[in-house]
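Participant: Listed here are the chains, written in short residue letters.
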Amino acid sequence: MISRKFLVSAAAGVVSLAVLGPTTALADSVIAGLITKTNTNPFFVKMREGALEKAKQLGVELRTYAGKYDGDNEAQVEAIESLIAAGAKGILITPSDSAAIVPTIEKARAAGILVIALDTKLEPANAADATFATDNFKAGELIGQWAAGKLGAKAKDARIAMLDLNAKEVSVDVARDQGFLTGFGIDVKDPKDIGDEDDPRIVGNDATDGAEEGGRRAMENLLQRDPNVNVVYTINEPAAAGAYEALKAFGKQDGVLIVSIDGGCPGVKNVRDGIIGATSMQFPLLMASLGIEAVAEYAKTGKKPAPTPGLDFYNTGVELVTDEPVDGIPSISSAEGLKKCWG
Amino acid sequence: MTSETTRGPQEFEKVLADSATEVAQFELEDNNLLRRLHHFLHANPTAVPVIVLIISILMFGAIANNFFTAFNMTLIIQQVTIIGILGVAQTLIILTAGIDLSVAAVMMLSAVLMGNLAVNMGVPTVLAIPFGVLVGAACGGANGLLVTRFRLPPFIVTLGTWKIFFALNLYFSGGQSIRSQDIDQAAPALKLFGDSFQLLGAQFTTGSLLMLLLFPLFYYILNWTPWGRHVYAVGDDIDAARLSGIRTRRVLLSVYALAGALCALAGWVSIGRVGSVSPQSFFEGNLDAITAVVIGGTSLFGGRGSIFGTLVGALIVGVFRSGLNLSGVDVLWQQFAVGALIILAVAIDQWIRKVSS
Amino acid sequence: MTDMQPVMSARGLVKRYGRVTAMDQADFEIYPGEVLAVIGDNGAGKSTLVKSLCGAVVPDHGVIELDGKPIHFTSPMQARDAGIETVYQNLALSPALSIADNMFLGREIYAPGILGRVFKKLDKKAMHKQARERLVELGLLTIQNIGQLVETLSGGQRQGVAVARAAAFAKKFVIMDEPTAALGVKESRRVLDLIKDVRARGLPIVLISHNMPHVFEVADRIHIHRLGRRAAVIDPEKYSMSDAVAIMTGAMEPPAELCPPKVTAH
Numbered sequence: 001m002i003s004r005k006f007l008v009s010a011a012a013g014v015v016s017l018a019v020l021g022p023t024t025a026l027a028d029s030v031i032a033g034l035i036t037k038t039n040t041n042p043f044f045v046k047m048r049e050g051a052l053e054k055a056k057q058l059g060v061e062l063r064t065y066a067g068k069y070d071g072d073n074e075a076q077v078e079a080i081e082s083l084i085a086a087g088a089k090g091i092l093i094t095p096s097d098s099a100a101i102v103p104t105i106e107k108a109r110a111a112g113i114l115v116i117a118l119d120t121k122l123e124p125a126n127a128a129d130a131t132f133a134t135d136n137f138k139a140g141e142l143i144g145q146w147a148a149g150k151l152g153a154k155a156k157d158a159r160i161a162m163l164d165l166n167a168k169e170v171s172v173d174v175a176r177d178q179g180f181l182t183g184f185g186i187d188v189k190d191p192k193d194i195g196d197e198d199d200p201r202i203v204g205n206d207a208t209d210g211a212e213e214g215g216r217r218a219m220e221n222l223l224q225r226d227p228n229v230n231v232v233y234t235i236n237e238p239a240a241a242g243a244y245e246a247l248k249a250f251g252k253q254d255g256v257l258i259v260s261i262d263g264g265c266p267g268v269k270n271v272r273d274g275i276i277g278a279t280s281m282q283f284p285l286l287m288a289s290l291g292i293e294a295v296a297e298y299a300k301t302g303k304k305p306a307p308t309p310g311l312d313f314y315n316t317g318v319e320l321v322t323d324e325p326v327d328g329i330p331s332i333s334s335a336e337g338l339k340k341c342w343g
Numbered sequence: 001m002t003s004e005t006t007r008g009p010q011e012f013e014k015v016l017a018d019s020a021t022e023v024a025q026f027e028l029e030d031n032n033l034l035r036r037l038h039h040f041l042h043a044n045p046t047a048v049p050v051i052v053l054i055i056s057i058l059m060f061g062a063i064a065n066n067f068f069t070a071f072n073m074t075l076i077i078q079q080v081t082i083i084g085i086l087g088v089a090q091t092l093i094i095l096t097a098g099i100d101l102s103v104a105a106v107m108m109l110s111a112v113l114m115g116n117l118a119v120n121m122g123v124p125t126v127l128a129i130p131f132g133v134l135v136g137a138a139c140g141g142a143n144g145l146l147v148t149r150f151r152l153p154p155f156i157v158t159l160g161t162w163k164i165f166f167a168l169n170l171y172f173s174g175g176q177s178i179r180s181q182d183i184d185q186a187a188p189a190l191k192l193f194g195d196s197f198q199l200l201g202a203q204f205t206t207g208s209l210l211m212l213l214l215f216p217l218f219y220y221i222l223n224w225t226p227w228g229r230h231v232y233a234v235g236d237d238i239d240a241a242r243l244s245g246i247r248t249r250r251v252l253l254s255v256y257a258l259a260g261a262l263c264a265l266a267g268w269v270s271i272g273r274v275g276s277v278s279p280q281s282f283f284e285g286n287l288d289a290i291t292a293v294v295i296g297g298t299s300l301f302g303g304r305g306s307i308f309g310t311l312v313g314a315l316i317v318g319v320f321r322s323g324l325n326l327s328g329v330d331v332l333w334q335q336f337a338v339g340a341l342i343i344l345a346v347a348i349d350q351w352i353r354k355v356s357s
Numbered sequence: 001m002t003d004m005q006p007v008m009s010a011r012g013l014v015k016r017y018g019r020v021t022a023m024d025q026a027d028f029e030i031y032p033g034e035v036l037a038v039i040g041d042n043g044a045g046k047s048t049l050v051k052s053l054c055g056a057v058v059p060d061h062g063v064i065e066l067d068g069k070p071i072h073f074t075s076p077m078q079a080r081d082a083g084i085e086t087v088y089q090n091l092a093l094s095p096a097l098s099i100a101d102n103m104f105l106g107r108e109i110y111a112p113g114i115l116g117r118v119f120k121k122l123d124k125k126a127m128h129k130q131a132r133e134r135l136v137e138l139g140l141l142t143i144q145n146i147g148q149l150v151e152t153l154s155g156g157q158r159q160g161v162a163v164a165r166a167a168a169f170a171k172k173f174v175i176m177d178e179p180t181a182a183l184g185v186k187e188s189r190r191v192l193d194l195i196k197d198v199r200a201r202g203l204p205i206v207l208i209s210h211n212m213p214h215v216f217e218v219a220d221r222i223h224i225h226r227l228g229r230r231a232a233v234i235d236p237e238k239y240s241m242s243d244a245v246a247i248m249t250g251a252m253e254p255p256a257e258l259c260p261p262k263v264t265a266h
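Residue numbers (the working numbering), protein chains in the order written: chain V, 1 to 343; chain H, 1 to 357; chain P, 1 to 266.
Hints are computed from structural coordinates only; laboratory data are not their basis.
We put the beta carbon where it would ideally sit given N, CA and C, even for glycine.
Just so you know, not all the hints are guaranteed correct.
Just some of the chain H residues that point at chain P, by a computed CB distance under 10 Å [as the list claims (entries may be wrong)]:
| no. | residue |
| --- | --- |
| 1 | His42 |
| 2 | Thr46 |
| 3 | Gly61 |
| 4 | Ala64 |
| 5 | Asn120 |
| 6 | Gly175 |
| 7 | Leu209 |
| 8 | Ala233 |
| 9 | Asp239 |
| 10 | Gly245 |
| 11 | Arg247 |
| 12 | Arg249 |
| 13 | Gly303 |
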């Protein structure tokens, strides 16, 4: 007859082996996770590239996940849970829903994982250990300053069309819009609100959904309001391309300045071809590789990354790309831009 | 055998001799204005959208600057061109009591294929474009097969195929647009429907002209050919249609395949309208197409509705968007207005469908 | 009396659905110029029998002959093409389509010439005219509203349209499945008169009905179906309604001889 005591100790032995076994295996390499909104948007493709490269360099085991569409929160929740179970040390995430993902993020942080938000802040921002992102306000400011500088004396009589993202007024949209206006020299009133300005130079705002078709329609509508638009701010380069088509159809493409933000390669090509006057380039690759570095550092020393002084996130930089530089505003040419662009 | 047989009218039926003798009366017994209106709308379901369109044009003409100009009117037609063509496809399907959530995805998949073949892979445009249309028809045919052969509800089928086609779109395009300049160089015929021309002092594009011509064409097909009548019959009562000798499966399959080809055509036209091949554009095109159909008075229950209603529905949405924008109103009110219009349209359709008898 | 050939006859029909035998050596004849009522209790198999005649059901065994020649329908359309029309219980009318549309559904008339051949254009005028004629023939139309939607008609009016359609296109005979089941007194009366009118125009009618008074009023012969086979064919002038019900339910032994066809003018 087998004694109860023997059975219990045998069971305890099996259980401890099961628990300790994998743990000892984990001690070998640091596991990090990259969770993007989708894996089809070239922005995130570039991010993934940058992360994989850096991870290889530093000997970090990188696992990548993505949602099926922009806004797919569930897929990101599952990804975080898998990473917690796998014993990851750090998670880089571009949140599809900045508020809804927070509870799951807190679970990860409670498990001792470093969580860095990439490109988009969480809500609240301090739900993540750090945020690595483009300073979207600065990105807008640069092109605003450039446009004002380009017009020179005529800037005080400019007719400005504002092509925004959509009615939701998400942080990216607001930051870029208000940044541009500030850079141009226009009083933005409430910096958290799009469209509350009363400067007579603004012809109006319209939504583009960040794509060519919306860009075209929005530009047409604003041209209807005032055919003498000579400055067009666009939320991103696809919208700018659509706006250009509308201007071309109206025969007005030559006298109008189009500015944009993103730094995707098609957009930089449009700068080269004179369609976009200037664009602010973002660096998704840098965001991701700096993120991996931070995770490796945290795994080694437990040190968490610090934000850029003066900001509550780490600024991964923005550069103005234009072939018509304006004095006092640093910029790179489109040729150089093509070497650094993404997509 | 006892003779309880009665070979004539029953005893209780004798009293019928004194009652009214007409059974098959087809008279109109309504003097009530509401009843008369109800009958009129029943016979002319497109009347309501047309009235709404006229009122909204007049209203925005009064409150918004630059709205009521020939230029802006033709601009609106250009702005609704793509949704108008998708709307024709959607109308056909909704008439069969189905619905298609994948129309915009089929459109963009076809456009992406046409564009990538012609611009990036050097395939001659004269081959790339028909190939795109074939792909569109095949996608539509796939929807049709799933609905007819596997008896799956169209809503569910196209909800699934929407995602699948969209995924294929992103796969073939890499999420990247094909730039306008590259298209001009490699395959300018792709932008054929973007060419504009002057007519009576207003500017039209060949694309918007095509869209406008599709409506009388399909009006003819739906009302003056047997196939068109069968489409209505299948949507109205599929069992009655089958018992009347209509090959309902074939009709449904042909409707879905034709719709797919129309979506591909819309894709070709969209390249001219948007200027580039843009995989992310028209993401909500399917819902916009359904909106146009519903506001135009076509019933989601099938068998009822005029194709011209869809044109009017698309124009109403275009008018509201343009008018609200020119009035300086915040963008979110455009969404609100469209939502309100949809509910209004469906409510009126339900009221009309209540047969007073 | 000369030996008349039945318009359609069936011998030894068998149909099984799994372990259920719907038809067990069923026989059937319908003769020219007659109204043959088919009655039977629920589950007797009479609808399976009738469906075999109009091609909606394919029997496992047995022979069906039309005008003396064996035929094998695999779909209702084949039966229809052979000249057998059916007025279904749910009428098979499309409510959102007009009377004229419904009349010619599946058998539309094309416009003459190129318009019809190449562009498939419908000849609506001809269809409206013919539809009106058919309805007038059967005394159904008083106002000229052929374009009216079927859903605006009452039950009896719709029945009239369905019967007119069948009568217009039938060449051999018409099957009517429970034509008065959903109708009130006045409308049933009208439909019964319709049946007599159709017979008067030379078309035999197979009438399925549960309504004994109606059956006994219009039928020339009554085919009683029981347990998947023909139990009897009786003459309504010689038997009573209670007799018929008794044979139907098995309470009474059916007569050995079948009622012969009647060659009489009505």
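Participant: Restraint: H:Asp239 near chain P, CB-CB cut 10 Å. Satisfied or not?
Facilitator: Given a least distance of 7 Å, the restraint on H:Asp239 holds.
Participant: May I ask you to test the interface hint for H:Arg249 with respect to chain P, counting a Cβ-Cβ separation under 10 Å as satisfied?
Facilitator: 13 Å, violated
Participant: Answer holds if the nearest beta-carbon of chain P is closer than 10 Å to that of H:Leu209; otherwise answer violated.
Facilitator: 22 Å, violated
Participant: Given H:Gly245 as an interface hint, is its Cβ closer than 10 Å to any Cβ of chain P?
Facilitator: 3 Å, holds
Participant: Tell me if the interface restraint on H:His42 is satisfied: Cβ within less than 10 Å of some Cβ in chain P.
Facilitator: 8 Å, holds
Participant: Under 10 Å, Cβ to Cβ, is where H:Asn120 needs to be relative to chain P, so tell me if that hint holds or is violated.
Facilitator: 40 Å, violated
Participant: Classify the hint on H:Gly303 as holds or violated, based on whether any CB of chain P lies nearer than 10 Å to its CB.
Facilitator: Constraint on H:Gly303 satisfied, holds at 4 Å.
Participant: Checking hints one by one. Is H:Arg247 an interface residue toward chain P, by the C-beta closer than 10 Å rule?
Facilitator: Cβ of H:Arg247 sits 9 Å from chain P, so the hint holds.
Participant: Hint H:Ala233 vs chain P: min CB-CB distance below 10 Å?
Facilitator: Holds, about 5 Å.
Participant: Please check whether H:Gly61 passes as an interface residue: C-beta within 10 Å of a C-beta belonging to chain P.
Facilitator: Interface hint status for H:Gly61: violated (36 Å vs cutoff 10 Å).
Participant: Are H:Ala64 and chain P close enough, Cβ to Cβ, to be under 10 Å, as the hint says?
Facilitator: Hint on H:Ala64: violated, closest Cβ of chain P at ~39 Å, above 10 Å.
Participant: At a threshold of 10 Å, is the proposed contact between H:Gly175 and chain P supported by beta-carbon distances?
Facilitator: This interface hint is violated because 44 Å lies over the 10 Å limit.
When each numbered hint is compared with the structure, violations occur for hints 2, 3, 4, 5, 6, 7 and 12.
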